[in-house]
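A.B. asks: Chains as they are written, first to last, in UniProt numbering: chain E, 1 to 169; chain S, 1 to 89.
Hints may be right or wrong, so weigh each one.
Chain S residues, not near chain E, derived (Cβ > 10 Å throughout) [unchecked claim]:
#1 Pro17
#2 Val25
#3 Ser35
#4 His42
#5 Glu63
#6 Tyr78
#7 Gly87
Okay, the calculated beta carbon distance ranges per label pair [claimed, not checked]:
#8 E/Pro22 - S/Glu63: 43 to 53 Å
#9 E/Tyr158 - S/Gly87: 47 to 57 Å
#10 E/Asp23 - S/Gly87: 35 to 45 Å
To be clear, the hints were calculated from the coordinates, so they are not data collected in a lab. Glycine included, each C-beta is placed from N, C-alpha and C at the ideal position.
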Amino acid sequence: MVDFEVVSLPEADNPDVGETAPDFTRPLVNEEYWTDASLSSVVAEGPTLLTFHPMDGAFPTTYIWNEFDDRGFADDVQVVGVSISSPYEHTALLEERAEGARLFSDPAADVAEAYGIEHDLDGMSGVTEPRPAVFLLEEDRTVQYAWVASEWPAFPEYDEIEAAIAEHV
Amino acid sequence: MSESDPQITLYRLQACPFCERVVRVLNDLDLSYQSRFVEPMHSDRNVVKRVSGKRSVPAIVDENTGVTMSESANIVEYLQNTYGEGGAA
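The whole structure should be built from the sequences, with the hints applied where relevant.
C.D. replies: This is how it looks when you write it as structure tokens:
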């Protein structure tokens, strides 16, 4: 018996492979500024790895972006993150890691809800964020690869992502 | 970028009254614009320096006319002269 707890999450209702990822418009943060942008306008520029992560500052967020950086995903595809953190927090994150990535700010977690991956945080009343999830999208937002956390905490299947990029991009 | 994208880009700082002044004039003149928000620290505003030559906001880039401009009083005057009643555009 282990003496720590990994929480099983209820079944997600996310867009799956072959389906179209929902479009949305939110402030999109780069290293220099933020501006309202639609997912569709971003994805139209090329294949995109859309990654939902916990709020900036949580250790899974740090681990996820460090691993993305180590593997150089941003060299091969557009890398776009989504969390409930503010543009100011995203700006600070981009100074430290997530090189070449851009980050959507979705404070009310409406995008997480549209993707069927919302996660009400225990012990933080009123705070909902996306559960970790990764989608590889082609230019028309068709999902080519999807991974959604089924427990908390959980980390993306980095080798699978790498294989999906190699296969589709 | 599609053809429907606004031709005017406004570099602004959240809660900056000089920026809000420009926003009011843009709205009064019924002009569409895209906001780009920058950081409060001057040293973190390289993008504004690059486009306008200065780190101050507000700054606008107007693709219609090729004009890039800083200082809210100058911008307001430019917008009214260009897009206001009897304006050039």
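A.B. asks: Hint numbers the structure violates, sorted upward?
C.D. replies: As far as the earlier hints go, 3 and 8 are violated by this structure, in ascending order.
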